[in-house]
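Protein sequence lines correspond, in order, to chains E and Z.
Under our numbering, think of the first position of the first sequence as -13, with each following residue one higher.
Under our numbering, think of the first position of the second sequence as 7, with each following residue one higher.
Errors might be hidden in some of the hints.
Calculated cross-link-like contacts (lysine-lysine; reagent style DSS-like; alpha-carbon spacing at most 30 Å) [unchecked claim]: (1) E/Lys95 - E/Lys343; (2) E/Lys166 - E/Lys122; (3) E/Lys72 - E/Lys333; (4) Z/Lys295 - Z/Lys453; (5) Z/Lys92 - Z/Lys477; (6) E/Lys333 - Z/Lys477; (7) Z/Lys369 - Z/Lys454; (8) E/Lys333 - Z/Lys92; (9) E/Lys72 - Z/Lys320; (10) Z/Lys369 - Z/Lys477; (11) Z/Lys413 - E/Lys72; (12) Z/Lys286 - Z/Lys426; (13) Z/Lys320 - E/Lys117; (14) E/Lys117 - Z/Lys369; (15) E/Lys166 - E/Lys340; (16) E/Lys72 - E/Lys34; (17) Z/Lys413 - E/Lys333; (18) Z/Lys92 - Z/Lys244; (19) Z/Lys192 - Z/Lys435; (20) Z/Lys157 - Z/Lys134; (21) Z/Lys426 - E/Lys22; (22) Z/Lys413 - Z/Lys435; (23) E/Lys72 - E/Lys95; (24) Z/Lys477 - Z/Lys293.
For each label pair, taking beta carbons as the anchor points, the in silico distance ranges come out as [to be verified]: (25) Z/Ala330 - E/Ser14: 56 to 62 Å; (26) Z/Gln149 - E/Glu185: 48 to 54 Å; (27) Z/Glu104 - E/Asn73: 30 to 36 Å.
It is worth saying that the hints were derived from the structure and are not from the lab.
A virtual CB, placed ideally from N, CA and C, is assigned to each residue, including glycine.
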Amino acid sequence: MIKIFISLVIIAFITLALSSCKQSISESETTQFTSKVFIADTTGITAKINGDSLAIGVKHALVELTSVSYGVQYQGKTNSGGWWEKNDVIADYYNCFAQKHYPKDTVEKYLGISQEITLVGSLSAITLTDKTDSVKVILTPVISSDLLISEIYYNGSSPPPPYYFHDQFTEIYNNSLEVKYLDNYAIGDLSYGYRDDPEFLHCLHLYKFPGTGTDCPIYPGEMIIVAQDAINHQEYNANSLDLSDADFEYYNPLSSDVPNPNVPNMIQIYHKYGHDFLYSVMNDAIVLFELLPQDTVWSYDSFDQILVPINRAVDGVEYKEELTEYEYKRLPDILDAGITGGMPMYKGKSVARKTLKEVNGQVILMDNNNSSIDFQVLDHPTPNSLDIN
Amino acid sequence: MPQYMDSLNYQFNFYDLHDNPASLFEDESKKSIWMGAVSNHLSGDYHLPFDPQEINSYNYFARTIYPLSENDIFKGTFTYRHQNDKQVLWMHQNRRLEENPYLLADSTSGDFVLNGILWSAEWAHRYKNRILFGLGVIYNVDQRLKQVFPKPLNKHRDMIFKSGLQFSLDKWKIGLSYHYIDEQEKVEIRKYNLEQNLTPTLFKFRFSDLPVILRGRTSEERVTTYQAHAIGFELSKKITFFNLITHMRYISAKSNTMDGGTRAQNEGSYDKNEFLGALKISYNLIKTKYFISYNYYNRFLSAYHPDFGFTTIKHPRYEHHFIAGMQNRLSSDLHIYADFLFSIYNEQKKDLFINNYWLNSYKMYGLRVGGSYFWTRFWETDLWLNYAIFDYSEKERSNNQYTPFFKYLFSDPFSYYTEKNRDLLGGFKVVYHYLPLLEIELATYIKKEIPGQYLLSNSKRLTLNFSLILKVFIF
């Protein structure tokens, strides 16, 4: 009897152990997969150029997949049918960017318009696993702004002394071939949580350039600096900048902010809080607006943030310390489908727009409305100059 | 040390061999109080990438065996632990680093200081001489703080509940045990503990490469839980000169890692199944005892992706251990011991996410010799020496590298596991006996782990252990 009992217990144990522990392992087994991306142009531009009104696939388009969690990048070009396939892709959330550039002579030949056309499209934080069949990106023509934010220095200077952030600035660049006037332009920063509002951008601060129409010209290929405080900051922090030659500075008349009499002040339209128009040293979204004559009466949301119609925005840049936090973005994709920055605060670094090309000696900056692609991090700010790469 | 020297009261019982609390009666039944201090010092370059370069630990403990009645016995322990871990690279966690792929780290190397207490209580009851049952609990709490920025605080809370049953039928003894293990490790980095103008760079390791790198997170909280159920079966029989004992244990464990405190976010989980089985036979003559033993261990670990749920890591391992030993009483004062050891190890690891694989298969040959001598009826000295060599029959690994982190997460650990060449250990113990009432034991041993000549030449790992124990037996 006892022998039977003991035998049964031993057999039960060994069966349990073998069934649970002896699982197979295969050297070739993997979760990596082949990703398929289809790039489509539904505007008809590609169809006309290709001479096939039914074909929406864009051939030889640049495709870039960037893993949100791990930073892995895959790049390639589509085939003649508009497909791009990449093997050995790791599963993650991806930002997908696609671009197709048609030069001026091609556009003129097939569309009869004397201009170049760039089509771009992007998808943010899409899930790609071995269960994803394919991804479709639809391209639309880039509506390039003539005036762009070319550099933002928000990061703050490294100590000593600690917490020095008064040297922040924004650089605006004329990316067109014509003279532009800043008189009706304004700069604002956005609050978090209103990305899905289709009508308005919810701003914490809004400061307008001075002038009545043609007082603040900015010539092709030129740039202007808007400083938080237009002074020589190196007197207070040796690692900082001399911004005493800035073109404009923010001035908050409702605080003890001291203006530099030699530098024109930006005109305060709205200032929710703070001693000055301070950019966050970690996460913020800066927007350049072109205001219309009727923009004299403003409305506000329930948290006392000024509402600026989204169609007034001409350029926007979002930066974060943490580049993976797409779920906390402030700007809609139409203005900025990406995030730039990704650096700890108080490192004395800036974010600056990359160069696309040169036309007759003038630098044209990249403007895909995607700061992940258009911007780079500079170890040292370069106010009033471009980092030609 | 040779197995017969493992414990002065070494016996073939389920308590010593399988931690079955019901068998406490058979291990120790005298009323006693022990107090002591044990220090352990590890140093040297031969270690896993995230292990400390140097460890200094100090344990102060008290232990009592207290018969409550003729049929009830109690055992209790209390330990205070203080540990300095020097030059720990990046890693915040310090539990189950070998098996848990979900680890939190920062970009600095620094020292940790740990303080903790552990207590345990066990109770066994005898029912009609044939049936014993027992219950036990072990509770550990400790805190470990990194001394440099960003000063992560690492807190542990561990509990083990033990229950067991032993009964006798004819000349057979049969034991059944169930253990529940519950561990919790919490890591906290708080903004207000930091230097306000600095932001740490945090790494979240999940695979053999490609950590998630966080450059803007000033506060982070990670909770890793580990729960295991262990069921055991033991059997022994005594036949004239022979003692036979066999035991088996099956463990099913699950670990889960969550980040973010109130905004909890799953980081990943893993399952582990373990089986161990053993058979020991001893042959006892008047002056000489012989024994042979065989142990088998099998483990399968699989980890899962936090967001997509698929298996990311498979990690099987098995081991066979054979020991043949003897003890000989050359005279009434002199005993000598010797064990011969032979082990086979096989370990594979497959990272399905990064697509990396390793295989490590090796054999270990060992010899342990020792002896004890009573100089007078008061003074006893023990001396032992161990020597082991490792023979790697198969070792291979892939090299699918995305970033330099691959070196720390995959290639260096592989080198560590496949480069051990020799282990040397020597120990010495002096015991003062005063009647059967008091023992004072002073012991030390030194262990040297030496890697092979290829990747890690000129490095080693040295362990120095000292202990002083006062044992009072009360009649």
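Exercise. Between Z/Lys413 and E/Lys333, does the CA-CA distance stay at or below 30 Å?
Worked result: Cα-Cα ~28 Å, so holds.
Exercise. Keeping to a limit of 30 Å between CA atoms, is the pair of E/Lys72 and E/Lys95 held or broken?
Worked result: 33 Å, violated
Problem set entry | Z/Glu104 versus E/Asn73 beta-carbon gap, inside 30 to 36 Å or not | 32 Å, holds
For this session: For the pair we were handed, E/Lys333 and Z/Lys477, check the Cα-Cα distance against 30 Å.
Result: 60 Å, violated
Problem set entry | E/Lys333 paired with Z/Lys92 [C-alpha distance capped at 30 Å] | The given pair, whose Cα atoms are some 29 Å apart, holds under the 30 Å limit.
For this session: Kindly confirm whether 56 to 62 Å is satisfied by the beta carbon distance between Z/Ala330 and E/Ser14.
Result: Given range 56 to 62 Å: violated, Cβ gap about 41 Å.
Exercise. Is the hinted pair Z/Lys413 and Z/Lys435 satisfied, with a Cα-Cα distance of at most 30 Å?
Worked result: 42 Å, violated
Exercise. Between Z/Lys286 and Z/Lys426, is the straight-line Cα distance small enough, at 30 Å or below?
Worked result: Answer holds: Z/Lys286 to Z/Lys426 is near 28 Å, not above 30 Å.
Exercise. Taking 30 Å as the top limit, are the C-alpha atoms of E/Lys166 and E/Lys122 close enough?
Worked result: 38 Å, violated
Exercise. Straight-line Cα separation of Z/Lys413 and E/Lys72 no greater than 30 Å?
Worked result: 26 Å, holds
Exercise. Holds or violated: are the alpha carbons of Z/Lys92 and Z/Lys244 at most 30 Å from each other?
Worked result: Distance ~50 Å between Z/Lys92 and Z/Lys244 Cα, so the pair is violated.
Exercise. Between Z/Gln149 and E/Glu185, does the C-beta distance stay in 48 to 54 Å?
Worked result: 53 Å, holds
The structure is inconsistent with the numbered hints 2, 3, 5, 6, 10, 14, 18, 19, 20, 21, 22, 23 and 25, although it conforms to all the rest.
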